[in-house]
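Visitor: From first to last, the protein sequence lines stand for chains U and C. Position 296 (the first sequence) corresponds to 451 in the numbering used here; numbering is contiguous. Position 85 (the second sequence) corresponds to 240 in the numbering used here; numbering is contiguous.
To be clear, the hints were calculated from the coordinates, so they are not data collected in a lab. Worth double-checking, as some hints may not be accurate.
The list cannot tell twin chains apart, which means a pair is met if one copy fits it or any two copies do.
With a straight-line cut-off of 35 Å between C-alpha atoms, the simulated DSBU-like cross-links for lysine-lysine are [said to hold, decoys possible]:
no. : residue 1 : residue 2
1   : K160      : K188
2   : K160      : K319
3   : K248      : K470
4   : K470      : K369
5   : K331      : K319
6   : K319      : K248
Quantities reported herein were computed from a predicted structural model and do not represent experimental measurements.
2 protein chains.
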Amino acid sequence: MVTLKDIAQEAGVSPMTVSNVINGNMARVSRSKAELIQGIIERRNYVPNAAARGLVCNSSRIIAVIIRGTSEVNILVSPFNATAVGTIIQKVKAHGYYTMVYVVDYLEEIGRNLRAWNVSGAIIIGFFDDDIGLIHDADDIPKIFIDSYSHLRRISNVGLDDHKGGELAAQYLIDKGHREIAFVAPPLTGLGVIQHRYEGFRRILSAHNIPRNKDYEFCQESTASPDSTAWIVRRLTDLRGRVTAVFATSDHIASYLITGLHALGVRVPEDISVIGFDNIPLCMQITPQLTTIAQDIEHKAALAVAILFRQLADKNAGAESVTLDVSLIERDSVRQR
Amino acid sequence: MVTLKDIAQEAGVSPMTVSNVINGNMARVSRSKAELIQGIIERRNYVPNAAARGLVCNSSRIIAVIIRGTSEVNILVSPFNATAVGTIIQKVKAHGYYTMVYVVDYLEEIGRNLRAWNVSGAIIIGFFDDDIGLIHDADDIPKIFIDSYSHLRRISNVGLDDHKGGELAAQYLIDKGHREIAFVAPPLTGLGVIQHRYEGFRRILSAHNIPRNKDYEFCQESTASPDSTAWIVRRLTDLRGRVTAVFATSDHIASYLITGLHALGVRVPEDISVIGFDNIPLCMQITPQLTTIAQDIEHKAALAVAILFRQLADKNAGAESVTLDVSLIERDSVRQR
DNA sequence: CTGAAAGCGCTTACAG
DNA sequence: CTGAAAGCGCTTACAG
């Protein structure tokens, strides 16, 4: 492994002169020496050690992406996560920083991970609770949340108007003549996105005097997959004739619902209408094409990165939160009754 | 930021005693002191600095995942990449290591990135060429390739019998009575997976005296998306009546083909049959369900991690390459003529 | 323009 | 069982 010292020795200068060349402090080095050193660096293919650099500068240039998940789950099978993380990696690289991806099960792990690598900043996806305050000893590290609903002040968050999303879905289904509407959600991990979508949804139903029916509310046992959706599909099939529509809190879940229902001979939308959430490309690929509540995941992720780097540039930039809008995209998975 | 020294001072011992406690060298510390120190560590929420540790141990415990891609492309929209990277992150964490994800455009970047963080190991996806030898000055770092076709020895690779995959697809289509068969591939990035699928495909066609027709061979201009597939869909539509089947080298591409063809009034499989590659969950969600050549992406990625850690455990373990099998999954996207 | 010294937070021999 | 010293690869003041 070739080090700064090696280069310095070969050039016959002190290490700090080499350091100046590397860091572009050209004012501090004569042109001739700079060129000599540059040549040696290239020829020997020298790359500065980022860990050593980070240690003395107290800045690692690492951005942590933290996603809630257990060790059994491949978090990137979720199109939402995959799209968001992919965008983050791209944007972080454009800033000349590095991305480390952490899957974290407990809140306590977050602080540990951020501290271990003395991360420059963090983007945290999927932790909703006020427990966020428990992220230990990492107050000095700029953090941006995606889809957090913590009430804590001084937290930067890029979120969605999930409540409105739930309302749009409910209103649309009601406009189409549906009144017995099921609700299907992923495993609940605290108060958050899903809760707000549910509340918006319920608000509209209540406004139309549709009482809550717990038999119509489903929650997967694990992350979206055919298996974790199978029992819900079976219940829904039994409910056919009564329940006429389903609001799924993600397109991913909706797609498994539709596939499952088809397999059991239940037609969508003829027998049961389905509305999703997210508007991922999949919506246009399945049959029927999925009516859904749209959000722009790449924009959301890019915004999170932009805010994070704004905070890195200006230490006292203050917390910045934005709530993005949603809209309804009408396709073919909901029928008029 | 609390450091080793702080803990040592509070405990009234030397830093190295604290270090021994942290690293579990209990034989070197008296029980009473160990407990005292442990308590302080927990109370102060001390986390060792991984960069400093890595610097002296010359081992970062970082595994790099390197994926070919340009700055404009979100590499994780590809289900293959998302599934593979998600699995790697999971498995690497289980080993107590960290995952850094790099998107890399040029081969030269790889060496730089590996060196900069003095990475413990690397998993490299999507670089096929013999240029792999050009990964500079990172000979000491264990590397596993996924889907590489380099002829270099001493390279560990987890690959697929892509040639057989192409053969299976061609044979199946021919058995179903097709002879005018189009081929659709992603943007080519050197010799590799796609090339081998193509060659297997062509071998069978030639064996049946079906000559090559360049008008039937398509290559996307950028990574799979509705846009980059649109012109191919248009050409295929023009070819309707002549071309009766398409072999797409990924399910992802196949799905965009089917959606596009439907939109132009071309029915699959009635007008054109389609066979894909990968067997991702999407296959069962689209209509018609996609006939495809199956591989197990999660297994592939997990195997790569397993081999990598075997090499980390035993420095002179030697290169280890495996070629996984493929099989045909029959669904509804190919019709008998 | 150039360099010698100190130090970032840790661990690894080496002494006692 | 415990500690003082040296050093991992780099940069940051401080002198000249």
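Visitor: Now tell me, hint by hint, if it's right for this structure.
Guide: Comparing the hints with the structure gives:
Proximity of K160 and K188 under a CA criterion of 35 Å is satisfied intra-copy only: 16 Å inside one chain copy versus 40 Å between copies. Within a single copy, K160 and K319 get their C-alpha atoms no closer than 60 Å, and across copies no closer than 52 Å, so neither meets the 35 Å cut-off. Both within a single protomer and between protomers do K248 and K470 lie at most 35 Å apart by alpha-carbon distance, with minima of 21 Å and 31 Å respectively. With identical chains, the CA atoms of K470 and K369 are never at most 35 Å apart, being 48 Å at best within one copy and 58 Å at best between copies.
For a Cα distance limit of 35 Å, the shortest separation of K331 from K319 inside one copy, 18 Å, qualifies, whereas the shortest one across copies, 51 Å, does not. For a Cα distance limit of 35 Å, the shortest separation of K319 from K248 inside one copy, 34 Å, qualifies, whereas the shortest one across copies, 37 Å, does not.
Against the hints set out earlier in the document, violations occur for numbers 2 and 4.
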